[in-house]
Amino acid sequence: MAKELNEAFYQQLQELQEVDFVLVELNLYLDTHPNDMQALQQYNQLVQQRWQLAQEYENNYGPLMHFGHSYSRHPWQWKDAPWPWQV
Amino acid sequence: MWIYEKKLQYPVRVSKCDPQMAKYLTEQYGGADGELAAALRYLNQRYTIPDKVIGLLTDIGTEEFAHLEMIATMIYKLTKDATPEQLVEAGLGEHFVNHDKALFYHNAAGVPWTAAYIQAKGDPIADLYEDIAAEEKARATYQWLIDITDDVDLQDGLKFLREREVIHSLRFREAVEMLKEDRDMQKVF
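Residue numbers (this note's numbering), protein chains in the order written: chain A, 1 to 87; chain B, 1001 to 1189.
I should point out that these hints are in silico values taken from the structure, not numbers from a laboratory. Remember, predicted model here, so these are calculated numbers, not experimental data. Quick reminder that beta carbons are idealized off the backbone N, C-alpha and C, glycines included. Don't take each hint at face value.
Distance condition first, Cα-Cα at most 20 angstroms in a straight line; then the derived SDA-like pairs of lysine to any residue [stated by the list, open to error]:
id : chain 1 : residue 1 : chain 2 : residue 2
1  : B       : K1016     : A       : V87
2  : B       : K1006     : A       : V47
3  : B       : K1006     : A       : W51
4  : B       : K1080     : A       : V87
5  : B       : K1159     : A       : E25
6  : B       : K1016     : B       : Y1076
7  : B       : K1006     : A       : W85
8  : B       : K1006     : A       : W76
9  : B       : K1006     : A       : Q41
10 : B       : K1080     : B       : D1100
11 : B       : K1052     : A       : E56
12 : B       : K1101     : B       : R1013
13 : B       : K1187     : A       : W51
14 : A       : K79       : B       : Y1004
15 : B       : K1080     : B       : G1061
16 : B       : K1159     : A       : Q14
17 : B       : K1006     : A       : R50
18 : B       : K1006     : A       : P75
19 : B       : K1052     : A       : V24
20 : B       : K1121     : A       : Q55
21 : B       : K1006     : A       : D36
22 : B       : K1006     : A       : H69
23 : B       : K1006     : A       : L16
24 : B       : K1080     : A       : Q86
25 : B       : K1159     : A       : Y61
26 : B       : K1006     : A       : Q55
27 : B       : K1180     : A       : L26
28 : B       : K1121     : B       : Y1004
29 : B       : K1101     : A       : W76
30 : B       : K1006     : A       : S70
31 : B       : K1101     : B       : K1159
32 : A       : K79       : B       : W1002
33 : B       : K1159     : B       : E1069
34 : B       : K1080     : B       : L1103
35 : B       : K1006     : A       : N6
36 : A       : K79       : A       : P63
37 : B       : K1052     : A       : V87
Pairwise CB distance ranges, derived in the manner of DEER restraints [unchecked claim]:
id : chain 1 : residue 1 : chain 2 : residue 2 : range
38 : A       : Q48       : B       : G1122     : 39 to 45 angstroms
39 : B       : I1054     : A       : E15       : 15 to 21 angstroms
40 : A       : N60       : B       : D1184     : 52 to 58 angstroms
Go ahead and model the full structure; you've got the sequences and the hints to work with.
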């Protein structure tokens, strides 16, 4: 594997997974409760928090997404291991 | 379209090499009530379901692919250090001679995945009831999988997936109620 994965990597990954989990939950909930203002506010707030966490993660460990949704340094980082099942 | 994200939905850890458990887990990979069947079922039903529930089918269908990746990761990690002898011992000899350690869409007994596992009736209530049943069957399968392993790390991932089935079932039940409300509203003149 290309990079040495330390404690900090797993910590940051988990923080992102935690926020993303709440976002998935709120998303599905809002699909059937579209008028719940509080849930919607929570969702929008977390979108912002998620964006910041993803930025930090990508700064340290490379792009999370392809097709123009993440920046890359030189040389092209997207194809670099580790892939999710390798960590 | 779909965008891939280079991370798992939830961490997958295993505490030992266990090809036999990997064999059992393929039930949720390419089995009738597995994650592939779930994803393909929901995403295919979207085109003819009322607008009100297209979003839900899209989101749950997409999440199922994240679960498929988690199951694949479990199988990969449980088998990556196994010798051919260990695979044979675990009942994976037939799999090994055909696929080596590659994953394949079949169930725990080696029966290949088929579209006959899933349905799209074009009737929203019929489709959503099938979806609720699918979630309950997947939840039960996860329970039996949790019951037959003593690997607490693996159990942790499986428990997450079991709980997701519970939530999906709940959301599908709410979708049924939304459609019933709409149907009843239309009768009022």
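Hints and how they fare:
1. K1016(B) x V87(A): Roughly 15 angstroms between the alpha carbons, so the hint for K1016(B) and V87(A) holds.
2. K1006(B) x V47(A): Distance ~18 angstroms between K1006(B) and V47(A) Cα, so the pair holds.
3. K1006(B) x W51(A): 15 angstroms, holds
4. K1080(B) x V87(A): Holds: K1080(B) and V87(A) sit about 13 angstroms apart, inside 20 angstroms.
5. K1159(B) x E25(A): With a Cα-Cα distance of about 16 angstroms, the restraint between K1159(B) and E25(A) holds, given a limit of 20 angstroms.
6. K1016(B) x Y1076(B): Holds, at about 12 angstroms.
7. K1006(B) x W85(A): Since the Cα atoms of K1006(B) and W85(A) sit roughly 10 angstroms apart, the hinted pair holds (cutoff 20 angstroms).
8. K1006(B) x W76(A): Distance of about 15 angstroms is within 20 angstroms: holds.
9. K1006(B) x Q41(A): 27 angstroms, violated
10. K1080(B) x D1100(B): Within the cut-off at roughly 11 angstroms; holds.
11. K1052(B) x E56(A): 36 angstroms, violated
12. K1101(B) x R1013(B): 19 angstroms, holds
13. K1187(B) x W51(A): 46 angstroms, violated
14. K79(A) x Y1004(B): 12 angstroms, holds
15. K1080(B) x G1061(B): 29 angstroms, violated
16. K1159(B) x Q14(A): 17 angstroms, holds
17. K1006(B) x R50(A): The given pair, whose Cα atoms are some 15 angstroms apart, holds under the 20 angstroms limit.
18. K1006(B) x P75(A): 18 angstroms, holds
19. K1052(B) x V24(A): Holds. K1052(B) to V24(A) sits at ~18 angstroms (cutoff 20 angstroms).
20. K1121(B) x Q55(A): 43 angstroms, violated
21. K1006(B) x D36(A): Violated - the C-alpha atoms of D36(A) and K1006(B) are around 31 angstroms apart, more than 20 angstroms.
22. K1006(B) x H69(A): Holds - the C-alpha atoms of H69(A) and K1006(B) are around 12 angstroms apart, at most 20 angstroms.
23. K1006(B) x L16(A): 12 angstroms, holds
24. K1080(B) x Q86(A): Holds, at about 11 angstroms.
25. K1159(B) x Y61(A): Violated - the C-alpha atoms of Y61(A) and K1159(B) are around 28 angstroms apart, more than 20 angstroms.
26. K1006(B) x Q55(A): Holds, because 14 angstroms separates the two Cα atoms, which is no more than 20 angstroms.
27. K1180(B) x L26(A): 23 angstroms, violated
28. K1121(B) x Y1004(B): Not OK: K1121(B) and Y1004(B) at ~30 angstroms, beyond 20 angstroms, violated.
29. K1101(B) x W76(A): Violated, because 30 angstroms separates the two Cα atoms, which is more than 20 angstroms.
30. K1006(B) x S70(A): 11 angstroms, holds
31. K1101(B) x K1159(B): 25 angstroms, violated
32. K79(A) x W1002(B): Within the cut-off at roughly 18 angstroms; holds.
33. K1159(B) x E1069(B): 15 angstroms, holds
34. K1080(B) x L1103(B): Holds, at roughly 11 angstroms.
35. K1006(B) x N6(A): 18 angstroms, holds
36. K79(A) x P63(A): Distance ~9 angstroms between K79(A) and P63(A) Cα, so the pair holds.
37. K1052(B) x V87(A): With Cα atoms ~39 angstroms apart, K1052(B) and V87(A) exceed 20 angstroms; violated.
38. Q48(A) x G1122(B): 39 to 45 angstroms: About 40 angstroms separates the Cβ atoms of Q48(A) and G1122(B), which means 39 to 45 angstroms holds.
39. I1054(B) x E15(A): 15 to 21 angstroms: 32 angstroms, violated
40. N60(A) x D1184(B): 52 to 58 angstroms: Given about 54 angstroms between the Cβ atoms, the range holds.
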